[in-house]
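Asker: Now for the letters of each chain:
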Amino acid sequence: MINLQPYENPQYFIYLLVALLPLVIGLYFGKRYKWYEAAISLLFLFFIFDADKWKQGVTLIAYIIYQFAVTFAYQHYRQKTGKANKTWIFCTFVVLAILPLAAVKIWPVVPHKAGIDIGFLGISYLTFKTVQVVMELRDGTIKKVDPITYMRFLLFFPTISSGPIDRYRRFAKDCDKAPEREAYIKDLGLAVKYLFQGFLYKFILGWLFGTYWLPYLEAQAIIAGKGMPLHLSWWVLGVMYCYSMYLFFDFAGYSLFAVSISYFMGIHTPMNFNKPFAAHNIKEFWNRWHMTLSFWFRDFIFMRFTFFAMKKRLIKNRVRLSQIAYIVNFMVMAVWHGITWYYMVYGLYHAFAIIINDIWLRYKKKHKLVKHNKFTEAVAIFVTFNVVCLSFLIFSGFLDNLWFNVPLGK
Amino acid sequence: MKNKTKLWLIFGPIICAALLLIGIFSLPWERTFSKGSLYQAAASQTKTVFKGKDMRQKAYKLGYVPFYGSSELSRFDNMHPTVLATKYRRGYMPFLLGAAGSQSLAQYQGMQDAPSKKAVMVISPQWFTQEGQDPAAFSLYYSPLHVTDFILNAQDTEADRYAARRFLKMDCVKSNHVLSHALFEIAAGLELPKTERYYLLWRRRMYSNEDRFFTSFQLRDRLPKIEQQGKSLPDKYSYKGLLKVSNQEAKRNTRGNPFGIRTGFYRKRLNPKLLKRLKGSQKKFNYVQSPEFSDLELVLNQFSKDKTQVLFVIPPVNAKWRKYTGLSQKMYEKSVNKIKHELISQGFDNIYDLSQMGGKKHFMEDTIHLGWNGWLYMDQAVKAFMKQKYVKPTYALNDYFFTEDWRNTKTVPKVALTNKQVLANLKK
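So the protein lines, in turn, are chains A and B. The first sequence: position 40 = 40 (this note's numbering), numbered continuously. The second sequence: position 320 = 730 (this note's numbering), numbered continuously.
Keep in mind that the hints were calculated from the coordinates and are not lab data. Note that the structure is a prediction, hence the values are computed from the model and not measured. Built from N, CA and C at the ideal position, the CB exists for glycine as well. Don't take every hint at face value.
Using 20 Å as the maximum straight-line C-alpha spacing, the simulated EDC-like pairs for lysine to aspartate or glutamate come out as follows [unchecked claim]:
1. LYS416/B - GLU182/A
2. LYS53/A - ASP581/B
3. LYS416/B - GLU180/A
4. LYS412/B - ASP187/A
5. LYS584/B - ASP52/A
6. LYS527/B - ASP759/B
Taking CB as the label site, the calculated pair distances span [as the list claims (entries may be wrong)]:
7. GLN79/A - TRP418/B: 46 to 54 Å
8. GLY690/B - GLN197/A: 52 to 60 Å
9. TRP418/B - TYR363/A: 54 to 62 Å
10. ILE204/A - GLU541/B: 31 to 39 Å
11. TRP107/A - LEU600/B: 38 to 46 Å
With the hints as constraints, model all of the structure from the sequences given.
Answerer: Structure, rendered in structure tokens:
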């Protein structure tokens, strides 16, 4: 049985590009063959979820039906009188939309029979999309969701497993028309560029850091940590930088593939990374790292919480308010990553990093302490980079392994 | 700029690069390896060497002899076969194949199209578990080149059909659509269609070129370590002299633990928490019924096909460790006897059975791996075996060993063969 996991090896790209060729030619000549697009989308989805992954496939189908029911029930409610917009109903629907994902996240920490898993590849990213639509229906920025477009939006296979997270309105703008020829040729140029940048990132650099060096560094860190306070040795520093590089190149490479394939299909899926390690403070870092996720959290967690708290006058002090909002924002993100101590610490760490950064910025502004120049910029980038790498060390779970697990060697 | 030019500027370079790459890898290249890099490859135990073919083939022609085994091969103390062969400039040099996790099926895969006149194989009874070759471990040794070789050489025999079925149990093989398709055909006893055959021939050429170009880039240079180990040995070979050095070295390295094993291993691998957990944990271990018995038969088939003379070595478990973990010596001997029966009944007589020597001092380097005196003891047989003139062997293979019945059987006639007899035979 053929099973193809997205972007797992060079072979996948050959199959994919051959399958996309008619679509590309069509778009070049100003035609979008929607039936063909639907057919290959379903085919590639099928190959992700077939063979021994069939249970995931069935779950996906059930999940889609469920989310359709939630979204369209809410849309029906919103359209009923044109004015119906009760907060508790909105909250109920958001909860309903999040429910399956929440169950999947809680599942590992509740006792259950081994080998029974719920969920499927990409459930997080689908949930981001559906929650976003419910929220925008409430705001009225989306008036009507077209079922076919919604289906195509949710099941857009280049991004189904790990994003980037597109927005419904943006997607709907692209997905029905064929781009102008000039513009499409430009897209193709970018698509090819991103594809090869992705190869370099994921299959060469990501492999070097993640497969070639990281296991060695981790093993050395575990050995050298014996008998040291907190099992720490200089090797841990190596693990930290190596893992950070691996995380970036692996994920950025993956995201580039998704964007590239989208461009081939005439869809402008947003970019996910913009030189994150060149950020000069932690806030800017989050505008450059996993951007579609952090913007999603900014729009639908941070802003929502801030407005809600302001409206209800929960917190008067604006500074305090944004600080609380950061903590809420990053803790939700932490829970989404998974319910483990190191994700929680990672969330708190970033929340406090941003809070401290804000305090520093205000202090600097007030006292006009330092003048901006190339040197201070370099120091800022250096500090930010190291703060971020330390957070990734926590995120990696390696410390959990180092401190609490007995490494079993053969 | 015209649109066509723009398109060409985007896609032209890719098309050219792809054509160039395919072209280069489709040509029948030849190359030589320096003596130094062959020596490095033989001692390095890297996965790429294991998965490759060119270096194996060329080394065998220069007097290298494959030493098939698993994790014990990486116990590089001063009595390691490679150290002894290097120090005393023997007429052969071990080509180490295998490391932790490589069992019969992985070895069989690697033996495709790489025949040798002689071979040493260390068979660990620990391979013979209920599951046999672990698919995750196999994936470390999986080589599309070797599997393609297997497919192209396969015939409609019980052995090849069984091998195809076994390969298909390994996830890494299954994920290659072309190879798994061909394996299904072999398993079903069908002939490969011509186009598929041509395609595979072409793929094999590409895999071979990959091996040819790149394998020698990732070698591990153990020569300094080997020479360092060799320094402590007497300049002229003498068993007594070596035994003395071996005991000295072992004594120095096995302090501070109740099992008489290498201090480093004890400290790194066996912390108190783990030790507590392992106490009595192996009481129910069973090495008597396993798919490994049929996988071993594949290896024997290959030896027979290649007319290879083989010396088999069966190592023991460290006796103190065995008592600590509760592993049953009776079960262990039963497993060893079953292995020996399979070998002897088909004409593989050179079996050096060390399975009862786990209690000898400094025999084991750690829990289940030969070291110092163990290596030296084994060297007696290896030395005699290598000196023996090569005569084309005749084996009497029996397909019964591919059956479920054999894999599950517990009753095997007792094999009567002493190491003394084996040694005498070798020295004949």
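Asker: Of the numbered hints stated earlier in the document, which are not met by this structure?
Answerer: The structure breaks none of the hints.
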